[in-house]
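Novice: Below, each chain spelled out in residue letters.
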Amino acid sequence: MKTVVRRLSGHLARGLAMIWVVTTLSFVIIRNIPGDPVRGQYEKLIEQGMSPDAAERATAALYGFLPKGSLWSQYVDYLNGLIHGNLGQSLSTPGTGVATIIGSAAKWTILPVLGGTLLSFLLGVTLGVYAAIKRSGKLGDALAISGSLLHGIPQYVIGLLVVAVFSTLWPILPAGGPVDIDFTPGFNGPYIASLIQHATLPVLTYALASYGGWILAMKSSVATVLGDDFIMAAELRGMSRGILFRYIARNAILPLFTILALSLGLLFGGAIFIESIFNYPGLGLLLVNSIGARDYALMGGTFLVLTVAIVVANIAADLLYAVIDPRVRKGAEA
Amino acid sequence: MTRTSAPGVRVKDLTVVYKTPAGELPALGGVSLSLAPGTITGIVGESGSGKSTLALSLLNAVQPPGRIKEGTVEIDGLGNVVELTGEELRRVRGRQVGYVFQAAQNSLNPLKTVGKQLLDLGRSHDFDDLPALLKDARALLGRMGLDGGRVLDSYQHELSGGMRQRVGIMFALVLNAHLVVLDEPTTALDMITQAAILKIVRDVHHERGLTTLIITHDMGVAAEVTDSLAVMYGGRVVEHGPTTEVLGAPRHPYTKGLIRAIPRLSGDIDEARALPGRPPTLGTIPKQGCVFRERCPLRIAVCDTVDPEPVTRDARTVACHAVGRLATPVVPKEYV
Amino acid sequence: MTVTSPVAPAPISLRRNFWRGVGRVLRRKPSRMVGVAIVVLFVFMGIFGPLLYPNPLPRDDNALYASPSWAHPFGTDFEGTDVLALVVTGTRYVLLAGLATAVITVAVGTLIGLLAGFHRGRWDSVLMRLTDLQLTIPGLPLLLVLSTVWKFTSPIEMGVVLGLLGWGGIARAVRSQSLSLRERGFIEAAKGLGLPTRHIVLRELLPPMAPYIAMNMLIAVTGAIYAQVGLFFLGVLPFDANNWGVMLNLSVFGGGALSSTAALPYLLAPLLAILLLTLGIVLVVDAMDEIFNPRLREE
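Just so you know, the sequences run in chain order A, B and C.
Per my numbering, the first sequence starts with residue 380, numbered consecutively.
Per my numbering, the second sequence starts with residue 41, numbered consecutively.
Per my numbering, the third sequence starts with residue 308, numbered consecutively.
None of these hints come from the bench; they were simulated from the model.
Remember, it's a predicted structure, so these values are computed and weren't measured experimentally.
Keep in mind that the hints are not guaranteed to be accurate.
Said to hold, decoys possible - With a straight-line Cα cutoff of 25 angstroms, these simulated DSS-like cross-link-like pairs (lysine-lysine) come out:
id : chain 1 : residue 1 : chain 2 : residue 2
1  : B       : K109      : B       : K52
2  : B       : K156      : B       : K175
3  : C       : K458      : A       : K513
4  : B       : K156      : A       : K513
5  : B       : K59       : A       : K517
6  : B       : K175      : B       : K152
7  : A       : K513      : B       : K327
8  : A       : K517      : C       : K498
9  : B       : K239      : B       : K59
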């Protein structure tokens with residue numbers, strides 16, 4: 380248990396360091412945007428007849444820091460606001476907090492990403508075992524090749540092809556928005572059916588984009604485990620097929636958990652493309668739109684939340700690893 | 041259905057080949073060997089002499105790219121194991137024939153405790169009384185000087201090399217198999233652990249009335265525990281007989297060389313003479329003639345062309361033209 | 308120089324052997340020849356593509372979103388410009404940015420990896436922390452955010468930024484390679500001989516890793532191509548260059564290629580170009596792997 384705590388605290392420290400770097404970057408970037416939007420906003424409010432005090436407060440609410448004082452004190456203000464969960468106000472949807480907008484967008488990203496990852500993980504791992512065992516067979520070969528190809532193709536290409544096939548050429552599934560607006564939101568059949576219909580293609584794209592990586596990783600992992608002494612020993616002890624298969628699968632999946640973290644990070648980034656293609660109102664689309672609308676507070680906030688999501692995914696994957704591998708759990712070397 | 045007495049084993053004309061880019065190369069070239077019921081038989085030889093391949097053949101477990109090309113392995117009560125396949129073969133492994141793996145240090149699943157793996161073993165062989173199995177295992181481990189309960193709760197990485205080896209032996213014995221094969225059970229262990237493990241093997245062998253086969257490259261180990269000893273070279277058994285006789289009065293020139301190469305604690309180190317030349321590898325085993333002739337001091341013309349048949353005389357089998365010549369009446373083979 | 312060196316012939320015959328090996332590896336799997344051909348074709352398009360067509364490209368107002376025909380194998384775009392011509396002339400920006408990225412990635416990654424692997428100790432842990440940070444930072448969102456202050460007008464600028472965001476993988480790989488070379492003892496030996504650090508790093512460490520680095524460079528090129536085409540596709544960068552990503556953007560968000568089939572060829576042409584280039588590079592990397600890993604060759 381002690382090792383798990385030590386690992387966890389190491390991860391937390393690194394995660395916090397990364398979040399700090401990212402927030403600092405956002406701050407520097409927002410400060411350096413041509414035309415200085417912060418000062419611009421402040422001056423615009425004064426032109427509209429606001430008192431300097433009121434204008435100052437309004438600007439501070441918008442960006443989380445004041446346009447005056449030294450750069451350093453602005454930076455400290457900004458960090459201080461973030462620590463208190465204050466991400467500022469959105470410019471493009473006046474009167475709404477950035478945190479609120481992000482909160483409502485997050486579910487559209489997290490659920491499809493997790494769904495797609497789970498789907499591709501299960502599919503890739505199962506087929507990877509098959510590809511490893513039937514290494515010399517035709518089907519095994521074909522699986523490995525499909526893995527390499529899909530692994531090499533960028534997500535947006537897969538997304539565009541998926542839309543072109545299932546929505547344009549052979550229109551069986553919708554490719555725009557999260558749900559049909561004709562249905563009343565709530566827990567009713569048609570609404571949920573529409574939700575699922577609209578989520579199918581994005582989830583499929585997430586799954587296809589990561590499936591190749593899983594199949595390749597699992598294949599090589601199984602091949603390694605098959606060569607391990609303990610598998611042959613289990614065979615010579617007459618262990619039943621089912622037990623033997625479980626021994627192989629569990630040992631082979633283990634190294635994949637480190638990849639899981641990286642892949643989740645990649646998918647959260649990939650959400651930007653996939654949500655743009657499917658017009659899906661998640662964090663990725665929010666980031667793109669906030670840039671288009673020059674809504675810098677929203678942009679900084681979204682960027683921060685995406686980063687936090689990746690840090691959390693990393694930590695979760697590592698904990699999962701620790702739960703499965705007794706060597707880590709009990710804190711032995713290697 | 042489990043035998044209560046020690047089975048005899050008869051290996052006949054066993055040929056095992058390995059598939060390589062250069063074609064199929066023989067690792068065992070027509071080996072014949074019998075293990076008398078209730079004895080400990082040792083097999084000695086240099087690396088690559090085919091010892092481990094022979095041991096695996098007893099379980100019909102030669103690993104690809106190798107395969108048993110011809111020959112039979114008859115085990116009392118099981119028949120010819122070379123012909124067993126699938127479920128039938130799996131049930132024999134572990135249950136009827138216990139096997140201690142060459143790399144027994146790594147013979148455990150790193151993600152499960154020893155106890156859980158023991159339960160897996162019990163379930164694989166349809167044991168109904170799993171608590172009794174655990175009790176047997178604890179008793180066996182206790183006999184080997186381990187805290188049985190603690191070992192069963194441990195993962196592989198929490199055990200030392202010697203402990204893992206003993207756990208490996210426990211796995212081979214716990215299902216009450218009456219034929220036990222130990223492939224280099226003491227390699228990579230320190231002298232004291234080695235002695236302890238050999239003692240356990242001998243004790244359990246006598247207590248349970250087993251037939252035991254020990255593979256080793258250590259003449260000392262062979263001398264200490266075995267009743268009969270087979271010497272392998274280049275995929276052939278070149279000499280086989282009672283251990284004391286084989287070591288005391290070796291007949292085959294290879295056995296002689298092997299014994300002469302052992303340095304003794306008492307006496308001049310210079311007396312130990314290394315065998316000239318190198319043992320053949322899979323690819324360099326001569327296609328015809330005697331496999332040992334390149335290094336043989338007794339080489340004669342016929343050695344170049346004819347592979348010597350093993351000849352049995354007063355309970356000892358030797359495969360050598362030069363020795364065979366000196367021999368009086370000849371019984372051609374060990375088994376007729 | 309009239310002194311004839313007895314060592315001179317060796318490198319020449321070595322090189323000849325090398326080329327013979329290359330030929331053999333390529334011939335063993337015809338797909339690799341195809342890979343080389345594809346890469347050569349794209350390089351040719353990148354260098355000479357813009358010279359093959361008039362600048363600006365001709366428009367045909369009578370043939371907006373025309374279907375594929377002999378005159379326009381991939382149809383035309385919203386202004387009636389030939390799609391194939393757009394793909395060909397767009398190659399230069401894409402390849403140039405990819406190349407610039409690869410050079411920066413490899414230079415920074417190799418330098419940091421070598422430093423970390425060679426010095427170990429505190430240097431190593433600081434540099435590796437930095438590498439971890441680089442690897443976990445969400446690259447694409449950061450690029451988007453950066454695009455608000457930086458317009459990436461030239462492909463070189465684009466390459467520099469992408470390179471600075473992508474050196475982590477190579478740094479880690481180079482470090483572990485140099486650590487494993489260390490274990491084989493040849494660095495200790497060179498140090499024992501009193502050779503200067505620069506010599507050890509450049510002459511002893513780098514050469515055995517060069518093929519590996521070269522392969523990584525090719526892989527970096529593909530990554531860079533995806534990233535920049537993706538950025539243009541999202542439309543966060545101003546469109547002043549002809550680029551595959553711009554084509555994707557205009558076809559999807561302007562032409563409605565996702566809702567009607569008319570603009571579909573306009574969408575598919577740049578996609579096809581990306582897939583083809585990826586395929587070519589993957590096949591070439593596969594061939595390189597075998598050339599530089601003799602162990603694979605024997606099997």
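Novice: Against which earlier hints does the structure fall short, listed by number upward?
Specialist: Result: hints 3, 4, 7, 8, 9 break, sorted rising.
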